[in-house]
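Q: Residues per chain, in single letters:
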Amino acid sequence: MALTKDELLHIAKIARIALTDEEIDELLPQFNEILELLERVKQLPLTEAAPIVMTDNADEFRADAVSPFEDPDEIVAQFPRKKDRYAKVPPNL
Amino acid sequence: MPMIEEILERIRSGEMKPSEHLEEKIEVLEHREPELNAFITKTVDLAREQAKEIDKIVESGGGEAFYGLIWGIKDNFALKGIRMTCGSKMLEDYIPPYTATPVQKILDNHGVILGKLNMDEFACGSSGETSYFGPTRNARDPEYVPGGSSSGAGAAVAAGIVDLALGSDTGGSIRNPASFNGVVGLKPTYGLVSRYGLADLAMSLDVPGPLAPDAYGIALAMDVLQGFDSKDRVSARRKLPFLESIDSFDPEHVRISVSESLLNGVDPAVRKTTEHVIRFFESKGVEIVDVDLPDIWAAFPTYYLVMYPEFASAMQKFDGIRYGHRVDASTLYETVAQSREEGFGKEIKRRITMGTFISMAKNAEWYKLALRARTTLLHMFENAFKQADIIVSPTVPTLPFKLGERINDPVKMYMADALTVPANLTGIPAISFPAGWKGRLPIGVQLMGPRFTDHILVSAVRFFEKEGKQWSE
Chain A
1 MALTKDELLH IAKIARIALT DEEIDELLPQ FNEILELLER VKQLPLTEAA
51 PIVMTDNADE FRADAVSPFE DPDEIVAQFP RKKDRYAKVP PNL
Chain B
94 MPMIEEILER IRSGEMKPSE HLEEKIEVLE HREPELNAFI TKTVDLAREQ
144 AKEIDKIVES GGGEAFYGLI WGIKDNFALK GIRMTCGSKM LEDYIPPYTA
194 TPVQKILDNH GVILGKLNMD EFACGSSGET SYFGPTRNAR DPEYVPGGSS
244 SGAGAAVAAG IVDLALGSDT GGSIRNPASF NGVVGLKPTY GLVSRYGLAD
294 LAMSLDVPGP LAPDAYGIAL AMDVLQGFDS KDRVSARRKL PFLESIDSFD
344 PEHVRISVSE SLLNGVDPAV RKTTEHVIRF FESKGVEIVD VDLPDIWAAF
394 PTYYLVMYPE FASAMQKFDG IRYGHRVDAS TLYETVAQSR EEGFGKEIKR
444 RITMGTFISM AKNAEWYKLA LRARTTLLHM FENAFKQADI IVSPTVPTLP
494 FKLGERINDP VKMYMADALT VPANLTGIPA ISFPAGWKGR LPIGVQLMGP
544 RFTDHILVSA VRFFEKEGKQ WSE
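If you read the protein sequences in the order shown, they are chains A and B. Going by the numbering used here, the letters in the first sequence line up with residues 1 to 93, in that order. Going by the numbering used here, the letters in the second sequence line up with residues 94 to 566, in that order.
No lab work stands behind these hints: they were computed from the structure. Where hints are given, some of them may not hold.
[What the hints assert, rightly or not] Here are some chain B residues the structure puts well away from chain A; computed CB gaps all over 12 Å:
id	residue
1	Thr134
2	Asp388
3	Leu492
4	Asp502
[To be verified] Calculated Cβ distances over 10 Å to all of chain A for the following chain B residues:
id	residue
5	Ser153
6	Lys182
7	Glu475
8	Lys479
9	Ser565
10	Glu566
[Said to hold, decoys possible] Quick list of in silico lysine-lysine cross-link-like pairs, BS3-like style, CA-CA up to 27 Å:
id	chain 1	residue 1	chain 2	residue 2
11	B	Lys461	A	Lys5
12	B	Lys410	A	Lys82
13	B	Lys145	B	Lys182
14	B	Lys505	A	Lys5
15	B	Lys135	A	Lys83
16	A	Lys5	B	Lys439
17	B	Lys182	A	Lys82
18	B	Lys439	A	Lys13
19	B	Lys145	A	Lys13
20	B	Lys410	A	Lys88
21	A	Lys5	B	Lys455
22	A	Lys83	B	Lys410
23	B	Lys182	A	Lys88
24	B	Lys365	B	Lys505
25	A	Lys13	B	Lys410
26	B	Lys461	A	Lys42
27	B	Lys365	A	Lys42
28	A	Lys13	B	Lys182
29	A	Lys42	B	Lys442
30	A	Lys5	B	Lys442
31	B	Lys173	A	Lys83
32	B	Lys135	A	Lys13
33	B	Lys182	B	Lys135
Note that the coordinates shown come from a computational prediction; the quantities given were computed from them, not determined experimentally. By construction, the Cβ of each residue, glycine as well, lies at the ideal position given by its N, Cα and C atoms.
If we strip away everything but chain A, and leave its shape as in the complex, we get (with noise of 0.2 Å):
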C-alpha cells in the first residue's frame, strides 16, 4: 500500500495539522516506507484462541457521581485567550 501527496494533505487535513510543502515532501517517503514495515504484520500466523484481558478489573465501574475538582479556576487561567471564565474562540466558518 503506497500514499500520494494529495492523500497525505487529506490525512493532515483531518488531523488539524497545518504541515508545510516542505514537511510534506519529507513526510511521505517516511510514510511510505513504514507502512511498508507495518504491512509484515499480515505474514503472522494469527491464533482463534479468546482475546486475554490484561487487566484484573475490567468488568468494573465506579459509581456514576460527578465529584467535583478541587480547584477549577486553575483550570480556566490556562485558557491561552479567554473572556471572564470562558475560552475564547475565532469563528467556525
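Add chain B to chain A, keeping to what the hints say.
A: For chain B alone, kept in the frame of chain A given last:
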C-alpha cells in the same frame, strides 16, 4: 556512585542530614547539568524547603520510606504549580492544576524533588533527541545519546544528580535509557502503578516506573509507587513484596529461558553480554530452558499499528483552545491546525498523521489485524511462561549510538524498540539492568516475567549484583 542502601543508612543513623545530602546533589547538578541537559525545570528552592522539613521529621524518628532521597520526575507527570512541558513547545508554559498520583506518593513518603526531567517530545523517541528543550547527553559519554524517551531520567540517575527517577514506559522508554546509561529501570506490570497525572502516549501500553542505580532502589521505589488508585481505570488491587523479597531469589527454583529469536541480529557485544548473564545464572544452579518465541518479530509492526492510533487520539486534546500553545487565526479550524503545526515537532506530526491514517474507516482492517496479532503474542508469551519463569533478552539490540546518527531515519530509530515493545503489548513486567560494558558504553540486559512477578525480576537483578560480575570488552 554510592548505592541507595548506603545513603539511606547514613541518613537514618544521623551521620548525614537530608538537607546535607541535597546540597551534595545540588553540587553534582551544577557540575554535570551544563553538559548533560537532563533537566527541563529545576526545583532547587522547593527541594531545599522540602529537605529542611524532612530534616526535622527524620530527627524525630520518621521519614519513611525515602528519608529525603533525591528524585527527578520525567516531565510528563504533573506536579501542581510546577511547569510540565512533556518536552514540547506545545506545553512550554503549561502549569498543571493537580499532582499525579505517583508524584504525590513520592512527596507523601519524604522524597525530595529536584526537578522535572528532559524527555523525548510527548515520550516519542528512543534517543532523547526529539525534545523541544534540546537533546540530553549520555552520562557515560556525552558524544552518545542517552536513550529515550526517559532520557533525562537515565542520565540524571547515572550521573548521580538524583538518587531515583520516575519515568514512563510505553514501548521501552524506561528500559532503553536505563540500558544506555548503565542503570536499572523497571517497566512494571500494566496497571500496577497508577497513570493518573501522566500525559498519555498510548493508553493501553503506558505504565509509570522507576529508574535507580541498583535493584534496591527499584524495590524501595516500587513499594511506594504501586497500589490501587480509583482515578485510574486499569489500576490493579495488588501489592507485591518488593523489599521484603529482594534477597529471596532462589536459583534452585527458577527456570530461565533463552531464545535464539531474541538474539537474532543483535550487536556482538550485546549478544556476548546477554550470554554472559545466562551463563552466570546457570552456574548458580538455575535451570536454563530453550523456549522458542517464533513470532516475536511481529511485536514490532503490531506495536506501531496499536500505538499510532492511540497516540493520535491522545493528542487531539492539544488544540490551542483550553491550554497549550496558541496561534490566532481567522477561523477555528485554522487556529487549531496552526497551533498544532507550530506546537509539535517532527516525530509528533509523523505519529499523529500515521495514527489518523490507520484510524480511517477504510483502514479498519489494519487495526483489527493488529488487535488479533496482539492476542496472538499474548498467547505466545503465556505458553512460554508455562516453561520458564524468566525470559532473558538484550534490552536494546545495539550499543548506544552517537547524537545525530539516526535522527533523520525514523525506521532505524524505531528498531531500537524491537525487544522492549513485546512487554508493553502483553502487559508483562520487564527490567533492564547494567550487565556489561564495551569500553565506556554500558550494555543492559532485560528480564521479562509473567504479569505481577515484578518483585521476582527485581530479586534476580539483586542476585546478579551481589554474586555476578559485569561483562566487559
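Q: Each hint should be assessed against the structure and marked as holding or not.
A: Hint by hint, here is what the structure shows:
no. : hint                 : in the structure
1   : Thr134               : holds (17 Å)
2   : Asp388               : violated (6 Å)
3   : Leu492               : holds (23 Å)
4   : Asp502               : violated (9 Å)
5   : Ser153               : holds (30 Å)
6   : Lys182               : holds (13 Å)
7   : Glu475               : violated (7 Å)
8   : Lys479               : holds (14 Å)
9   : Ser565               : holds (34 Å)
10  : Glu566               : holds (32 Å)
11  : B:Lys461 to A:Lys5   : holds (26 Å)
12  : B:Lys410 to A:Lys82  : holds (18 Å)
13  : B:Lys145 to B:Lys182 : violated (34 Å)
14  : B:Lys505 to A:Lys5   : holds (23 Å)
15  : B:Lys135 to A:Lys83  : violated (33 Å)
16  : A:Lys5 to B:Lys439   : holds (17 Å)
17  : B:Lys182 to A:Lys82  : holds (21 Å)
18  : B:Lys439 to A:Lys13  : holds (16 Å)
19  : B:Lys145 to A:Lys13  : violated (53 Å)
20  : B:Lys410 to A:Lys88  : holds (16 Å)
21  : A:Lys5 to B:Lys455   : holds (18 Å)
22  : A:Lys83 to B:Lys410  : holds (21 Å)
23  : B:Lys182 to A:Lys88  : holds (21 Å)
24  : B:Lys365 to B:Lys505 : holds (22 Å)
25  : A:Lys13 to B:Lys410  : holds (16 Å)
26  : B:Lys461 to A:Lys42  : holds (11 Å)
27  : B:Lys365 to A:Lys42  : violated (33 Å)
28  : A:Lys13 to B:Lys182  : holds (21 Å)
29  : A:Lys42 to B:Lys442  : holds (26 Å)
30  : A:Lys5 to B:Lys442   : holds (16 Å)
31  : B:Lys173 to A:Lys83  : holds (24 Å)
32  : B:Lys135 to A:Lys13  : violated (38 Å)
33  : B:Lys182 to B:Lys135 : holds (18 Å)
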